[in-house]
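When the letters of the sequence shown are read in order and numbered with the working numbering, they come out as residues 1 to 490.
Each hint should be verified, as a subset may be incorrect.
[As the list claims (entries may be wrong)] Straight line, CA to CA, 27 Å or less: simulated BS3-like cross-link-like pairs of lysine-lysine:
1) K460 x K16
2) K90 x K483
3) K149 x K52
4) K490 x K90
5) K471 x K490
6) K483 x K91
7) K202 x K52
8) K221 x K16
9) K91 x K402
10) K190 x K221
No wet-lab data here; the hints were simulated from the structure.
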Amino acid sequence: MPSMSRARFLKEYVLKVDKEFELDSKTAEWAPSSSGGPLEWGQEQSSMEIVKTDKSAERQVSSAAMALSPDNEYLAVASNSAIRIYTAEKKDIRAELIGHQTSVAGIFFVEDISKADTPDGTKYMILSDSKTFRDDGTIIAWYLDSDGKSLTRTMPFAIEALADKCMSAISEDLTSHHELDTDGLAEIRKGFIDTIVKSDMKNRLQSLTHWKGHFPSFGSKPLSTDGERWLQVLNNDSTQSGPRRPALLPTIIVRHFDNINSATYLHGHDDAIMWASFSPTNSELLATASWDGTFRIWSALDGRENLKITQGDVQDWSGDFSPDGRHVLFAGTECVSIYSIDTGDQVLKLAREGLKTESWIRYLSWSPAGDAIALGNGMGVLLWRPFDKKYANWDRVDEILKLGAEEPMHKGYMSFNGIRWLDRKGHLLAAADGENSFFVWDRERNLKWRFQRPMGKELKLFSDDCLYDEKRKVLITLDGDWKLREWNLK
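All chains should be modelled from the sequences, with the hints used to inform the complete structure.
Here it is in structure tokens:
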């Protein structure tokens, strides 16, 4: 029986686009900076090789992540377990942040540090997390000065010199008494180096502010916009393999920037928490989605559960708040709905005659303008305009982007995994597909860009990460060939 692997898919697949940003009978035109069509890797404005020699955990795939400082001055790029700070425009390196024992999953610059308890001289604060299977992971706080340099410094081990000292103590005995050859000695030395590297990282971690746990997934916003609080999850492996004691069930922990030792624990979910975010207008309120078949709204002050929406024996995945904080969108198995924060009532449901949706819609984003929601729907992207009353039929859903496939076995690798509004006005929408191409739409000007992986190009890591530098009007993509690329969106 024929089979398909990701490597084979990437080698064979020819990108086919059936619909590219079509709305209200109008199809977007190619932006002037797009030269009249899609741009492939190699046609970008600029690019930078990502350092890929940093350690990742055993049996853990290579990973990369990035974040842009609130003032667009500095770019944080993680490759496996290390984070590097660069100037955003020239890509001059300013700091290396070493402390994670496993690959970094997420990086967040704190939007407003005025309320945070930080060392003297702090201009920027970063929270990053790492996690492996059946491990709670680690969250680390990093503090940078105005030059992007780390305020927390530890003396790194002299790894090569220490390995040489170890070898000098035993090499003569190994060669004279055991006749070990050069290759054997080199293998032992490598073992010393690996052990010393791990010890070095553990030693550095002890001098850093860190917590046990990690951030939730699927577009979660774990930092409140007012700089008051942040949230994490603990004990978050699924319970589907067997029951656990209440104290070991998945838990949300809300922490406070002005007092790192203060925490509020939110108990109630009895399976993995996939998504959690603060309200954009009230950091005392947060919402969660869990595999236990429930969506919940909580008080961040005392951990009280304000609302519980039960979906039954299904998995719930994701959500997002409306920009005005009055509504929350929840997405679970066969259900995408909008609820009122004030009443807890379901206001609207994504269900239309003739509209085929995936069982699990997990990638979605509510526009900062408030009038539209973008949702990844398998090989397509939907635009839901729930409260846009400029139209007679104001609760509208349209498929604006659609991929095609000649080979049925390719379809399982083509889903849109990254859906995000790029700018603060909600004009620019970006969508990343499963083969590492990015589609961008300026819905205000009805212009489009496509930044495309060349056919057959192998990928060393999976990434759907992109950022928008509003100051320079460039899209920064983190691509699977270990390159950071900048594309002109003017």
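Each hint, compared with the structure:
no., hint, in the structure
1, K460 x K16, "holds, 23 Å"
2, K90 x K483, "holds, 15 Å"
3, K149 x K52, "holds, 21 Å"
4, K490 x K90, "holds, 19 Å"
5, K471 x K490, "holds, 11 Å"
6, K483 x K91, "holds, 13 Å"
7, K202 x K52, "holds, 20 Å"
8, K221 x K16, "violated, 33 Å"
9, K91 x K402, "violated, 35 Å"
10, K190 x K221, "violated, 41 Å"
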